[in-house]
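So you can see what is in the structure, the chains are spelled out below.
Number of protein chains: 2
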Amino acid sequence: MKKWIICLFTSLSLTTLSAQTPAKVRAYRQQHEQTLLQEYLRFLSIPNILLDTTTDVRQNAFFIRDLMKRMNIPVQLLELDGKTPPVVFGDVKVPGATQTLLFYAHYDGQPTNPAKWAQGTAPFKPVLATNSIENGGKILSEAETKGKLSPDYRIIARSATDDKAGVFAILSAYEALLKSGIKPTYNLKFFFEGEEENGSQHLGDYLTKYKNLLNGDCWIFCDGPVHQSGNKSIVFGCRGDINVEITTYGPRRPLHSGHYGNWAPNPALRLAKLLSSMKDDSGRVVIKGFYDDVTPLSDSEKKAIAAIPPVENEVRKELGIGQTDGAGKTLAELINEPSLNINGIVSAGVGAQAANVIPSTAVATLDLRVVAGNDPVKQVQKLIDHVKAQGYYVTDQEPTQEELLNHPLVARVKPLKGYRAQRTPLDLPIAQKVVKAVQSTTQDPVVIFPSLGGSLPLYLFSDILRQQAIITVPIANYDSNQHGENENIRLQNLWDGIESMASIMTM
Amino acid sequence: MKKWIICLFTSLSLTTLSAQTPAKVRAYRQQHEQTLLQEYLRFLSIPNILLDTTTDVRQNAFFIRDLMKRMNIPVQLLELDGKTPPVVFGDVKVPGATQTLLFYAHYDGQPTNPAKWAQGTAPFKPVLATNSIENGGKILSEAETKGKLSPDYRIIARSATDDKAGVFAILSAYEALLKSGIKPTYNLKFFFEGEEENGSQHLGDYLTKYKNLLNGDCWIFCDGPVHQSGNKSIVFGCRGDINVEITTYGPRRPLHSGHYGNWAPNPALRLAKLLSSMKDDSGRVVIKGFYDDVTPLSDSEKKAIAAIPPVENEVRKELGIGQTDGAGKTLAELINEPSLNINGIVSAGVGAQAANVIPSTAVATLDLRVVAGNDPVKQVQKLIDHVKAQGYYVTDQEPTQEELLNHPLVARVKPLKGYRAQRTPLDLPIAQKVVKAVQSTTQDPVVIFPSLGGSLPLYLFSDILRQQAIITVPIANYDSNQHGENENIRLQNLWDGIESMASIMTM
Chain V
1 MKKWIICLFT SLSLTTLSAQ TPAKVRAYRQ QHEQTLLQEY LRFLSIPNIL
51 LDTTTDVRQN AFFIRDLMKR MNIPVQLLEL DGKTPPVVFG DVKVPGATQT
101 LLFYAHYDGQ PTNPAKWAQG TAPFKPVLAT NSIENGGKIL SEAETKGKLS
151 PDYRIIARSA TDDKAGVFAI LSAYEALLKS GIKPTYNLKF FFEGEEENGS
201 QHLGDYLTKY KNLLNGDCWI FCDGPVHQSG NKSIVFGCRG DINVEITTYG
251 PRRPLHSGHY GNWAPNPALR LAKLLSSMKD DSGRVVIKGF YDDVTPLSDS
301 EKKAIAAIPP VENEVRKELG IGQTDGAGKT LAELINEPSL NINGIVSAGV
351 GAQAANVIPS TAVATLDLRV VAGNDPVKQV QKLIDHVKAQ GYYVTDQEPT
401 QEELLNHPLV ARVKPLKGYR AQRTPLDLPI AQKVVKAVQS TTQDPVVIFP
451 SLGGSLPLYL FSDILRQQAI ITVPIANYDS NQHGENENIR LQNLWDGIES
501 MASIMTM
Chain L
1 MKKWIICLFT SLSLTTLSAQ TPAKVRAYRQ QHEQTLLQEY LRFLSIPNIL
51 LDTTTDVRQN AFFIRDLMKR MNIPVQLLEL DGKTPPVVFG DVKVPGATQT
101 LLFYAHYDGQ PTNPAKWAQG TAPFKPVLAT NSIENGGKIL SEAETKGKLS
151 PDYRIIARSA TDDKAGVFAI LSAYEALLKS GIKPTYNLKF FFEGEEENGS
201 QHLGDYLTKY KNLLNGDCWI FCDGPVHQSG NKSIVFGCRG DINVEITTYG
251 PRRPLHSGHY GNWAPNPALR LAKLLSSMKD DSGRVVIKGF YDDVTPLSDS
301 EKKAIAAIPP VENEVRKELG IGQTDGAGKT LAELINEPSL NINGIVSAGV
351 GAQAANVIPS TAVATLDLRV VAGNDPVKQV QKLIDHVKAQ GYYVTDQEPT
401 QEELLNHPLV ARVKPLKGYR AQRTPLDLPI AQKVVKAVQS TTQDPVVIFP
451 SLGGSLPLYL FSDILRQQAI ITVPIANYDS NQHGENENIR LQNLWDGIES
501 MASIMTM
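Residue numbers (the numbering used here), protein chains in the order written: chain V, 1 to 507; chain L, 1 to 507.
In this list, chains with the same sequence are indistinguishable; a pair is considered to hold if it fits within one copy or across any two.
Calculated pairs, DSSO-like style, for lysine-lysine (alpha carbon to alpha carbon, straight line, at most 27 Å): (1) Lys414 with Lys317; (2) Lys273 with Lys317; (3) Lys273 with Lys288; (4) Lys303 with Lys433; (5) Lys388 with Lys317; (6) Lys273 with Lys414; (7) Lys417 with Lys382; (8) Lys388 with Lys273.
Because the hints were derived from the structure by calculation, they are not lab data. All of these numbers come straight from a predicted model, not from anything done at the bench.
Next comes chain V alone, as it looks inside the complex:
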């Protein structure tokens, strides 16, 4: 900390010229495509799987630190215990700027099985291809990548999208501004995490320990794919999530289904009836008060949801779904509601594992997505009350023999980990500025998501840092195979990402 010197963004020749930013940044990128590409390929060559003990994930942090040093960004590695991958943190003070933007991305990647990657590709030997492997892309020789780069080319490597693309787009945007003589209109902070794919287990600790460094006015997250239409997208929140495990009980040990069938109760049937009682045939949850507590969507949010291009029909066909849930509501509407989903059910075995038994227990794991306004603990309590209303004695522990004997129906309901939703009001002035900035880089309408359907621990930022504005600007192509084999980023998406980030920095 002592050696870390704040370096001010003082070049007087820089101009604040946000209206011209996209064009200038584009010109810069077009002139430096090969340099940018080669630098990104070097970054992608560094293995970054936290759970692979043979990998030194820190090498990625060092690479980013060196990149930032080259850009004269004051940078330090924030450490917790010397073992957890460090946060690479940069802090750029811009003269005249009164507000601060904080940029988040992560440099670690999902575990991967190299054997599953297509011939010619490997997680940490990045190559270019004419398209994604799944779309029939042909891998390009090194010579072929030296000439003009098609916007549809893909870079194939682990984390090509998730989320080194985020780190690279943010820093390249900054460098493009710097080299183009455009001064950011905000102070800028950079926060690059190294254990997002392992559940960001220490994110809260980092935010708490380094709270004083992290004051600012708006977080910009660069992670995830854009809308399936390919249009640029902005996400203003995410659902929270809490898992619950429900167990029902039959006989203490599996019984011969011949000798005891019709007499000994079947826990799988009990669980089936219990789960069935929770939702109607359209998938609507019928647990009492399940949709209460929800913060109503504002008019702008409703308008944004209505404007999200529909994808249902294509997705439905691709996935072989004859009838969807939701009684005619759109996917975009439905992911703004709380949900109750069965992640899995297991009772004894099926197929080759089937035996003619009355099983002893049946277990279901549920996930309850929650939206703004919902308290996950309260949401689980509604579920527990519902189970009780079905005649069950409910415990969160393994029931004793006495409990099993004294109650006609016994269920164990065990809440697992969970957290609440986060939603940045779309009407915040700074939120509107981000929308305008991203829209200024494209002719196509930007897709605005008031909330993701999925969950991220964004609540940590509002809880620990007391910051309200947390906005995600994803850049990856939809067909990027994020988390899968042959992960790829479409070149144009990377270039577009640089423009979006630069526009936000000068908005």
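Using the hints, position chain L against chain V.
Relative to the frame of chain V, chain L by itself:
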């Protein structure tokens, strides 16, 4: 076949003295307990696990053949292909006898893990103990077994009950009669199978190939345990059984439950609703016509069922069952009805295998027990019709993408192996004779089961041999750990078994 000589039971000194049989046989046994015990221990020392390729199961057949030779029983090994364990077949013609009894038992045993047996015991090193290991039995030294044998002693070894006890009791009964000068009142045939624990896969082939040898008037099966009360028991049939696998479908591949929850249908919920629709809360099947076709129980059968000593309360307590199915009917009544039981359900994973997904499929395996009068195929058709009535398109194949898209609800219903029930009318004169014979050996009321709850392929005997009278006379103690570790037979049960078999041979 050519070398096989029919030997007639011609000793003129023999008397037909059925009323005195039990006392005489008991006296003989009491005099020869040590000899009988040592012979049985030798039999139990021969490994008999068909699925253990290091074991020569045929050694058991040879042992039985030699035993029968010693008793002057004309014996042959019935072969199919030289690989399948042979049936040891004996045929004793009794002068003056007009009817023939056929005795069935099997000499192979369940696979076992020697490591799981209690210290001092092993599957094929039979020992005696003061009680079952589970009841605190103490293993006896060889010296301790040379004196008077307590009736409560247990012989511990694989197949001590299931079913070498059957083979040994039948043959010892015959020898006891022979040595006591009592002439059987029936011609006697012995049929000892060697692959019962592997599903009697060739039993039908044996019955077909050797049909001409197997004519007779009544089969006596000696297998299984007596009633939990310890009273002698006779079983007149068994339920049939057919398995069915039901699969419901969600999206073609598991989906992120955040991005698609509330919209993509959950196959586990669909399956839960489908299974729930099949039974009411008391466990009664509500599928249309499910209880039709059942051959009504005769008055004697109803009377027998009512006389079966109740065991429900003890079993319920042992198994931690707070509430049983069946709306107050007894276990004995309920196993005489068709059943529908969920053997297992699996959809994605739970516990450590749980992921926040909407699973792709959900599978349940059911077993439908059938009773006299039920056709298993028709019973499955009722199930299929029920699934259709819930709005499902039903196929027995993996559905195509087109089928999935064209129907709101798709289920695969795949019937697996199954067969029908068998029930010997209790009112048959020969059935009544068997009851009387067994009752003559004991002061306690014999427990009469019109049907077992479980299933055996007894239908093969009535289908192939066109024989109607198939009666099971089990002898093993209820706590014999049949199929499990430390399998044991209580000595008195073995001795009682010999008396029962001898009484039947002279009834």
